[in-house]
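J.: One letter stands for each residue in the lines below.
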Amino acid sequence: MTRLSDANLRRDLIKLFCVIASISGIGALFFYTPALSTPTFLSILFAMLFSPLVTGLERRGYPRTLSIIIIFFTIGSGAVTTGFFALQSGVKEWESFREDAPKYFKTTVTKLGQYEAAQKKKYPFLQSVQPTQTLLSWGQDTGKWFVSHGASIMGDLLMCLFLVPIITFALLSEGVLMRRKFFQLIPNRMFESVYLITMGAASAISDYVRAKIFEALIVGLLAGAGFYLIGAPYAIVLGIVVGVTNIIPYIGPVIGAVPGLAIAALNGSPIHIFWNMFFIYLIVNIIDIAVIFPFVVAKLVNLHPLILIATVAVGQQYYGLIGMLISVPVATAIKVTLEEMYRIIYEKHGTRTSFQETPLPRVQDHG
Amino acid sequence: MKYLTLKSISRQADKTITMETTEKPHPHFMWKDLFRPGKNEKTDMLDVLKDNILFATLTRRELKYLSSLLYERVYQQDEPVFKQNDRGIGMYLIAKGRIAINTHNPQGDVHVTTLAEGNFFGELALIDPENIRTATAIAMDRTALIGFFKPDLMEIIERKPDMGAKILFQLALVLGRRLLETTEKITFLTRTKGMVLPHDEIV
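If you read the sequences in order, they're chains A and B.
Using my numbering, the first residue of the first sequence is number 1, and each one after it goes up by one.
Using my numbering, the first residue of the second sequence is number 1, and each one after it goes up by one.
Just so you know, these hints were derived from the structure itself, not from any lab.
Here a beta-carbon is modelled for each residue, glycine too, at the ideal position from N, C-alpha and C.
Each hint should be verified, as a subset may be incorrect.
Covered by chain B, according to a simulated footprint, are these stretches of chain A (three or more residues, beta-carbon under 8 Å) [said to hold, decoys possible]:
1) 179-186
2) 193-205
Calculated lysine-lysine pairs in the BS3-like style (CA-CA distance at most 25 Å, straight line) [unchecked claim]:
3) A/Lys111 with A/Lys121
4) B/Lys50 with A/Lys181
5) B/Lys83 with A/Lys15
6) B/Lys96 with A/Lys15
7) A/Lys122 with A/Lys111
8) B/Lys150 with B/Lys96
9) B/Lys193 with A/Lys181
10) B/Lys96 with B/Lys50
11) A/Lys181 with B/Lys185
With the rest of the complex left out, here is chain A (with noise of 0.2 Å):
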């Protein structure tokens, strides 16, 4: 008895190092090959986002392959046809940010540069403080960033036009497969544990990503409605930041806010536009604190605001923007894993004496 269950942890050992070294290989791979993690990443929250049509069309009686092809089908079409003609002013707008970034960067160099100055005249001890080098050299810095990367750039993204309708597919059809897969691999006597762990942190994630996505959607379709509702500058595009920017809890709304509100001071406007622009903020804001968010996403993230604070600022540090946007969702994830396995320990040791512990309701007596 002791000889075998001797061999059973000395195979289940082999096999969860294995395991884990494998999960580690794979993890290395994609965090040294960008090539490689960035289409994965865009295919698993496409994967994600599309689940749930494939679904309604298995649901009515299609199978899973053709309702894929289905929904392929339908987005590619409709992304096609959107970007013809609904985006083609979006596109005009696009051009012309572009076109005049380089202008409203040089009116606020020289607004700051006049401040800067009056300021130092004003308080000598100033004189040290260099806010309008900085943020020259800082333009500078990110214009030389995008002439040289720019064509790497251009070879990402047409990689992860490649690639990603190719990994969606693969995830959406054989997803059930991987994840026989790697359950297979998991010792038995922590199959059932990583079995509950794994679906609670993958469901907490996948429900995370819908509904942010979703408030995205919303926030910046009235957003970008209202900007064109009020004629301001690049409704349509800044409609666009808005709703991305959103993504990041708490200080997305604010950097969404800037690039507008910074445009409007800037080119010129008349006053009553910019004020406009930051009542639509506003109200955009306040509809989704006050409606979308409790509805949608607060029901999913049940983490203390202080807590998601730090995490974005921890995404933030490591991983940039893609840290900021990614970084709730796992912290989620870590928050349903900690409390699956503290009720896997805790239940561990409760007993259920009596079934006279959990009342049923009681059933009426007609015979």
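Fit chain B to the known structure of chain A by using the hints.
T.: Frame of chain A; chain B shown alone:
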């Protein structure tokens, strides 16, 4: 839809266990998990599922779909599948081998029953929100089990509601039958021991 009678359920549940194992235990290692098992190792999952009361009303196509969601696990002799008071996530079907069901109480360990090929156990975890195992399951021989867990059942209900309804109906049938058997046993015990049943507690 084909429904099974209580008698047939009872027959399946009361299957006698007189298996003699001649299989030698041998190390089960990773490549058997990753790659296709050999002829001797391979279990025809569809046949096992088809013969099980829970999936007896499913069509061949539905069984094939179901088999893509299930997990095949191999346990060595004396290896526990789960222990009493563990959190449960679902049920196991015995494809090969035998399983001992034991309970532990202050008086010591009690052997409740031995289950053989075709039997299943732990099905309460599919519906019980508390998910606490009420007994310990241990492999008596080298045993192949097929795991069917609550998230997979929920996925079936979401993706193929007709199929989910069939499984749930059969599950209700099994649980109802077990409740009936338990009630009969309690009645028998109270009669033989001359105890008075607290009638108000039994509805």
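J.: If a hint holds in the structure, say so; if it doesn't, say that too.
T.: Hints and how they fare:
1. By the rule of at least three residues with a Cβ nearer than 8 Å to a Cβ of chain B, the coverage given for the segment 179-186 of chain A holds, with 5 such residues.
2. Counting residues of the segment 193-205 of chain A whose C-beta sits closer than 8 Å to any C-beta of chain B gives 5, which meets the bar of three, so the coverage hint holds.
3. A threshold of 25 Å between alpha carbons decides the hint, and for A/Lys111 with A/Lys121 the separation of about 16 Å falls inside it, so the pair holds.
4. Straight-line distance between C-alpha atoms of B/Lys50 and A/Lys181 comes to about 23 Å, which keeps the hinted pair within the 25 Å bound.
5. Of the supplied pair hints, the one linking B/Lys83 and A/Lys15 holds, its CA atoms being roughly 21 Å apart against a limit of 25 Å.
6. Distance hint between B/Lys96 and A/Lys15 is fulfilled; the C-alpha atoms sit about 23 Å from each other, no more than 25 Å.
7. With a C-alpha separation of about 17 Å, the suggested pairing of A/Lys122 with A/Lys111 holds against the 25 Å cut-off.
8. Among the hinted pairs, B/Lys150 with B/Lys96 is consistent with the structure: their alpha-carbon atoms are about 22 Å apart, no more than 25 Å.
9. Of the supplied pair hints, the one linking B/Lys193 and A/Lys181 is violated, its CA atoms being roughly 53 Å apart against a limit of 25 Å.
10. Taking the CA atoms of B/Lys96 and B/Lys50, the gap is about 15 Å. The hint holds against a cut of 25 Å.
11. Simply put, A/Lys181 and B/Lys185 have alpha-carbon atoms about 43 Å apart, too far for the 25 Å limit, and the pair is violated.
When each numbered hint is compared with the structure, violations occur for hints 9 and 11.
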